[in-house]
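K.L.:
Sequence:
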Amino acid sequence: MKDPHDIIRRPVLSEKAYEGFADKRYIFEVDIAANRTEIKKALEAVFGVKVEKVNTLRTLGKIKRQGKTSGRTPEIKKAYVTLKKDSKGIEFFDGMAQ
Numbered sequence: 001m002k003d004p005h006d007i008i009r010r011p012v013l014s015e016k017a018y019e020g021f022a023d024k025r026y027i028f029e030v031d032i033a034a035n036r037t038e039i040k041k042a043l044e045a046v047f048g049v050k051v052e053k054v055n056t057l058r059t060l061g062k063i064k065r066q067g068k069t070s071g072r073t074p075e076i077k078k079a080y081v082t083l084k085k086d087s088k089g090i091e092f093f094d095g096m097a098q
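Counting in the numbering used here, the sequence shown runs from 1 upward without gaps.
Be careful, since some hints might not be right.
[What the hints assert, rightly or not] FRET-style restraints, in silico, Cβ to Cβ:
#, residue 1, residue 2, range
1, Leu13, Ile63, 24 to 32 Å
2, Glu91, Ile32, 25 to 33 Å
3, Pro4, Lys68, 39 to 47 Å
[Said to hold, decoys possible] Simulated crosslink set (DSSO-like; lysine-lysine; CA at most 27 Å straight-line):
#, residue 1, residue 2
4, Lys85, Lys40
5, Lys88, Lys40
6, Lys64, Lys2
7, Lys53, Lys40
8, Lys41, Lys77
9, Lys53, Lys2
10, Lys68, Lys2
11, Lys88, Lys2
12, Lys88, Lys62
13, Lys64, Lys41
14, Lys16, Lys68
15, Lys2, Lys78
16, Lys62, Lys77
17, Lys50, Lys88
18, Lys40, Lys64
19, Lys84, Lys41
20, Lys62, Lys78
Since the hints were derived computationally from the structure, they do not count as laboratory data. Quick reminder that beta carbons are idealized off the backbone N, C-alpha and C, glycines included.
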């Protein structure tokens, strides 16, 4: 199994993410190759919480041009995580919820 810190890349801190903190919904950017089960196990190992469900979203990179050369921005995969009602919240986000 992969290291849990390699699966979870970083939290997504946006307005939509802040709205979900009160309902114990968090958004993370995760490894492209990680599946829902690996994401769930990694979050439970790293943060010590109980995960109810994980929804994933994969976005392709946009095509960008610089003169006549074109390239693509990196692909990302997001995980929308909902914690169980009896689970404690993630401490990293506690000060951010309003």
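K.L.:
Please write out, lowest number first, the hints stated earlier that are contradicted by the structure.
P.N.:
6, 10, 12, 13, 14, 18
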